[in-house]
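2 protein chains.
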Amino acid sequence: MSENTTDSDAHTSTKAQLKELSQKLGVVQREAGSLGIPSLVIVEGLDASMKGRLLNEVLLEIDSRSFRVYSTHAGQQDPRRYPLLHRFWNNTPAKGKIQFYDRGPYYLVLDSWAEGKLHEDELPSYWEDIVNFERQLHDSGVKIVKLFLNVSKKTQAKRFRKLEDNPKTAWRVTPKDWRRHRQYRSYLETAKQGMEATNRDYASWHTIDTENFKTALVDVYNHIIDTLENAIEEQRALLALPKEERNWVTYQGHNYLADTQFEEPMDRQLYKKTLKQRQEKIHELVHEIHSHELPVVIAFCGWDAAGKGGCIKRLVQSIDPRGYDVNPVAAPNQVELSHHYLWRFWKEMPPRGKIAIFDRSWYGRVLVERVEALCSNDDWQRAYREMNQMEEHLAKFGTTILKFWLHIDKDTQLERFEARQTDPLKNWKITDEDWRNREKWERYEESVNEMIEKTNTDYAPWKIIPANCKMRARLEVLDTVISSLKKAIKRARKAAL
Amino acid sequence: MSENTTDSDAHTSTKAQLKELSQKLGVVQREAGSLGIPSLVIVEGLDASMKGRLLNEVLLEIDSRSFRVYSTHAGQQDPRRYPLLHRFWNNTPAKGKIQFYDRGPYYLVLDSWAEGKLHEDELPSYWEDIVNFERQLHDSGVKIVKLFLNVSKKTQAKRFRKLEDNPKTAWRVTPKDWRRHRQYRSYLETAKQGMEATNRDYASWHTIDTENFKTALVDVYNHIIDTLENAIEEQRALLALPKEERNWVTYQGHNYLADTQFEEPMDRQLYKKTLKQRQEKIHELVHEIHSHELPVVIAFCGWDAAGKGGCIKRLVQSIDPRGYDVNPVAAPNQVELSHHYLWRFWKEMPPRGKIAIFDRSWYGRVLVERVEALCSNDDWQRAYREMNQMEEHLAKFGTTILKFWLHIDKDTQLERFEARQTDPLKNWKITDEDWRNREKWERYEESVNEMIEKTNTDYAPWKIIPANCKMRARLEVLDTVISSLKKAIKRARKAAL
Chain X
1 MSENTTDSDA HTSTKAQLKE LSQKLGVVQR EAGSLGIPSL VIVEGLDASM KGRLLNEVLL
61 EIDSRSFRVY STHAGQQDPR RYPLLHRFWN NTPAKGKIQF YDRGPYYLVL DSWAEGKLHE
121 DELPSYWEDI VNFERQLHDS GVKIVKLFLN VSKKTQAKRF RKLEDNPKTA WRVTPKDWRR
181 HRQYRSYLET AKQGMEATNR DYASWHTIDT ENFKTALVDV YNHIIDTLEN AIEEQRALLA
241 LPKEERNWVT YQGHNYLADT QFEEPMDRQL YKKTLKQRQE KIHELVHEIH SHELPVVIAF
301 CGWDAAGKGG CIKRLVQSID PRGYDVNPVA APNQVELSHH YLWRFWKEMP PRGKIAIFDR
361 SWYGRVLVER VEALCSNDDW QRAYREMNQM EEHLAKFGTT ILKFWLHIDK DTQLERFEAR
421 QTDPLKNWKI TDEDWRNREK WERYEESVNE MIEKTNTDYA PWKIIPANCK MRARLEVLDT
481 VISSLKKAIK RARKAAL
Chain H
1 MSENTTDSDA HTSTKAQLKE LSQKLGVVQR EAGSLGIPSL VIVEGLDASM KGRLLNEVLL
61 EIDSRSFRVY STHAGQQDPR RYPLLHRFWN NTPAKGKIQF YDRGPYYLVL DSWAEGKLHE
121 DELPSYWEDI VNFERQLHDS GVKIVKLFLN VSKKTQAKRF RKLEDNPKTA WRVTPKDWRR
181 HRQYRSYLET AKQGMEATNR DYASWHTIDT ENFKTALVDV YNHIIDTLEN AIEEQRALLA
241 LPKEERNWVT YQGHNYLADT QFEEPMDRQL YKKTLKQRQE KIHELVHEIH SHELPVVIAF
301 CGWDAAGKGG CIKRLVQSID PRGYDVNPVA APNQVELSHH YLWRFWKEMP PRGKIAIFDR
361 SWYGRVLVER VEALCSNDDW QRAYREMNQM EEHLAKFGTT ILKFWLHIDK DTQLERFEAR
421 QTDPLKNWKI TDEDWRNREK WERYEESVNE MIEKTNTDYA PWKIIPANCK MRARLEVLDT
481 VISSLKKAIK RARKAAL
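The listed protein sequences correspond, in order, to chains X and H.
Residue numbering for the first sequence follows the UniProt record's numbering, beginning at 1 and increasing consecutively.
Residue numbering for the second sequence follows the UniProt record's numbering, beginning at 1 and increasing consecutively.
Read the hints as simulated data drawn from the structure, not as lab findings.
On a predicted model such as this, the values are computed, not experimentally measured, just so you know.
Incorrect hints may have been included.
Same chains, same names: a pair is fine if it fits in one copy or spans any two.
Derived DSS-like pairs: lysine-lysine, alpha-carbon spacing no greater than 27 Å straight-line [unchecked claim]:
#1 Lys95 / Lys347
#2 Lys490 / Lys117
#3 Lys168 / Lys354
#4 Lys486 / Lys313
Excised from the complex, chain X in its bound form:
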């Protein structure tokens, strides 16, 4: 222990204080846990600021079932395979749990910058991504504590040397540590700029001086305890409020679906021939996607019985099963419900060179969850921005994103429902829920139009596919995929020059 206190009374009093704080943390976490409050503690800081020891000490009194630690450790896996936020999204807290980051996204950004892999001009855009991430968590009820462990340049050098002097610990000091030490001033300056850019009421930074281990530990305890105590108070106040009335919020904007032009059914022979050609083209392009390491997301949304499954089948038929994953989206399970609604989608986002296909998507938030009042009005209204932000982050990483809405008219749906019901091979596809959804056609229509209005972006465009004729719909899906992949490949070729 790098203990500078000489006064033995002060020593005893800090010790008693620490014991009290550690017990208090245990008590408030159990309380927060029982109220289902999720929290996130991001521990960032300079090298030799005793992060590991401080974290270990804090964890000692928390029940191991109630927390998880994620260590961000450049090099642990290939960080280039996924977008920056991927690993953090996958390690967000479930209800009632604390998630610790032993360094978090800030470190990854700063490290890339310090290693010359990221230009200074690019930093603001990454700070913004992290702000969006934290805001989304906050809005879903996650309490955030952000700690920056500081140490003076002199003490840092002293600690490095102390480790080096001991043959058993000398391995812990690497050339990179000394390199970073020489950059001390500019690194700290950039870190401070990052903190300034990402400081928010609900996610404010606490810089902790670590010259003295025990006082630093007291600070760490206090920040976490304060946040949890406030959260408990807020949550109790919330629970005491009367339940929100969920009124239908109408959308009066442009009716995109009404613009759809349905054409006559096409000739089956022509369809078959064209389909084969398109599939061959897809087969070729997917190889290039793989060799250029381009990630691709294709989301299929649409009315019940619009033919999503059939389109997906024709799309993947010619692709090597190693090149794609189909993610069917059903109602969330118990584990998924204890997380942020985007968590289960983030987990399935593709690494470089892979295609992730979604059979239904995250847009359920502003469709079924809106119509059935499964979330509050605030929740789905906020979701347009949240989903745009997620897609923008993926796009920045180089992900091609395509979103299809398969559109049929109400009569066609009825025909298909009835046909399904009388066909013993297809009647499993039709449930009471489908009929109930159909009764709410107008509300869904409004929801779809508002969704397109608010989430049709350059980086993740919606494509409405007229799907009264299944054959035409399938070909148009393939054509759209082909032209998007071609564009992505062209860009990648240019970038490689």
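Here the structure of chain X is known, so what remains is to put chain H in place on it, guided by the hints.
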């Protein structure tokens, strides 16, 4: 399509047959799904045996929510980081689902052998591991289909050349493919030996000739449909049976717990000093574990209030958080319950260089699940062998495995329960369930003794820790960890010479 049929009637009839089969597969899978039957289809075979195309075709008529495909693709991730079976355990089917392997563990073993990384003499031991894996799945109710797609040497060459002749597909044929082609005879011979060694009633091999795509497809359909149909029949018969009476099965063998010698409480000052020394030693050793890339598993089991949490805390206190994970084991959640009982533990097994600590473990199967009749007698009686096999597979990979039983006497437990109940900081630790468990002390005692009798192995030994004195218990745990790590490091050093 490599279609050799010239007779147009035969062509039409195959087409109709295929359509019928694909619909039938859809029907039986929905039936199997509704009965909660999990199934596993392992597709192995030679290069150019049209695995991808056959698989894609089969998947077309199955509801995408009911299956998953795992592609074993050497090089996809570093396969050396985890034991062979790790990725397959993590991709076993949930209840009611079909899991496909696009090549499976057989391919990995054969590929290593063909590349000269695995000696022929080592093959039988790997076949045995795979047999154990399949048996465990079968015993838990998974239906297994194993297909080997065959192709003649001549046709293989023809298909390679056809791909090479087309500039768009030439990339698909690699030097490795031609190398494997030259080895055709010995590769097929070895594959056949593997199939013979792993052929079982419940997991028998079907070799499918793929000279003709459509007849091969008919074969694939038939094998899967047959297996599912049989499974449905069996499951219905099972459901019709009266429920098994779950009688307590007593254990009359050696009483290991009774051998425990409890010593007097130790001196606190001596404890503190010794603890610090041991923790420093652990700190050093963990670095070597990391640099030698040794995986370590430490399982903490014991009576309620025996002090597992305290031991774990002292153990990890001096370890860098990046070097270990603590996995708290509670009652399984909904997702975990839909899988094999070992699935959730397999997922947490450590990669090279990492320590996985379990706070309670897979032995719950033969403790709480036995005592509370949460599984059938068959289930827990079989589990001794299954857990030994899992541990043996980990040990073969180089994993050091330590299993602690923290033992206290009944009076000590009562004292601690009462102390917890009166301490406002600790009363959350004591629940009605703890008191109920205590009433069943004798049944737990029998279960623990039988567990030790049957799962105390060279590769994964049990250590009973007398824990009436918490301080002694903690030190003995650390001493045991230290000596095991030292041994592992010594072996690794020797192997590196």
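Hints and how they fare:
no.	hint	result
1	Lys95 / Lys347	both (18 Å within a copy, 22 Å between copies)
2	Lys490 / Lys117	within (24 Å within a copy, 40 Å between copies)
3	Lys168 / Lys354	between (44 Å within a copy, 19 Å between copies)
4	Lys486 / Lys313	within (21 Å within a copy, 55 Å between copies)
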